[in-house]
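Construct the entire structure; sequences and hints are all you get.
Single-letter residue listing:
There are 2 protein chains.
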Amino acid sequence: MKFYGYFRSSSAYRCRIAFNLKGVQPETVFVNLREGLQKSDDFRSLNPQGLVPALEVDGNVLSQSLAMIEWLDETNPAPPLLPGTAIERAHIRAFAQIIACEVHPLQNLRVLNYIKQNHGQDQAGADGWCQHWIAEGLAACEAIAAAQSHGGGFVFGDSPSLADICLAPQLFSADRFGLDTAPYGRLNEIRATCEAMPAFKDAHPSRQPDAI
Amino acid sequence: MKFYGYFRSSSAYRCRIAFNLKGVQPETVFVNLREGLQKSDDFRSLNPQGLVPALEVDGNVLSQSLAMIEWLDETNPAPPLLPGTAIERAHIRAFAQIIACEVHPLQNLRVLNYIKQNHGQDQAGADGWCQHWIAEGLAACEAIAAAQSHGGGFVFGDSPSLADICLAPQLFSADRFGLDTAPYGRLNEIRATCEAMPAFKDAHPSRQPDAI
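One line per chain: the protein sequences are B and H, in this order.
Here the working numbering is used: the first residue of the first sequence is 241, the next is one more, and so on.
Here the working numbering is used: the first residue of the second sequence is 241, the next is one more, and so on.
Derived by calculation from the structure, the hints in this document are not laboratory data.
Treat the hints loosely; a few may be bogus.
[Unchecked claim] These stretches of chain H come out as covered by chain B in the derived footprint (C-beta under 8 angstroms, 3 or more residues):
no.	region
1	307 to 315
2	429 to 435
[Unchecked claim] Far from chain B, some chain H residues (derived; all Cβ distances over 10 angstroms):
no.	residue
3	A318
4	P323
5	R329
6	L349
7	Q371
8	A379
9	G418
10	A422
11	I452
Computed from a prediction, not measured in an experiment: that's the story for all the values here.
All residues carry an ideal CB built from backbone N, CA and C; glycine is no exception.
Here it is, written out as structure tokens:
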């Protein structure tokens, strides 16, 4: 199994946490996004979309972090990343998708490049754009997380799920783009719980061999 | 079961197709996005994120179209929307997520409003923005779909999956934003197969009671 990632990619960060939680360690290939290597012919022949992360497994190339993590969860059921009933699983997936479908796509590199090149935005404009969308998404996540009454340390209970796997990298990105995360009290508590676990700690961008 | 949707919302359109394929008919509530009713206190008390679609079921409110469709598929297994092995399911989810996580978030109303208000874009600029991201995503989808050799009429075989459920509404949006879809030969063939099915036909925005 070969994992193509980049230290700072939020979606690669999600996958690293999931692999660590499952105790699965794929061989890792680092694709330098700042140098545009994800758009190289070599990488595109592997993943036509030219995005990391990607996972090569048994001659297949999987892409899209949530699809990869669901595959990992189906093939390595313990510990479950989508525990509970169908309704509980739907809540976990929805929380993950608020981040993966509503926030993260707006802050990624190709979008920031576009608004700089085509909308005349400078770095401050790009940061403001990211802050706006991250704040909107985190407000929804905070409302959901704060409404839970399970008493556990994670979004949906006392063990990390796909929700926490998406949340920790999103909070890292919030810091990176200069958003003040103080208003998200419950999310910060959950973050502290996550960061105390080796699976989350070892997946942090600053601890990857390609970190600069 | 109560479904909150809007005729033109791509993600509500996905859910309608899925309900039709499963033969499940929830009561439908129409939330007028152009009038901003999704931001009303009433609707936000139901779905804090203020987005449609949402699904009220057994006192729970589910949000995020893909999470809702996975819930529907888990609770109503026939016909399966994620058929096959874990690897095959990963490919279906990844295809759906190219649309749901890479394309659709960039073309939705709140983003178009933002670039008009904050980046000085007019309607032509907003359409150009949408066309750019839709073209990039559909090119990836076309490469994946054209590489399949199963001989069936849908993206991944001879029955519709979550991939087709996301594709048909995305092609509808491509038309709406003025993108020429002629380059996507295989996707157009799949679209024709889909549109011949009542489940897809009846879910079309133009056939909804709130269509204007």
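Problem - Violated constraints from the hint list, given by number and in increasing order - result: Per hint list: 2, 5, 8 violated.
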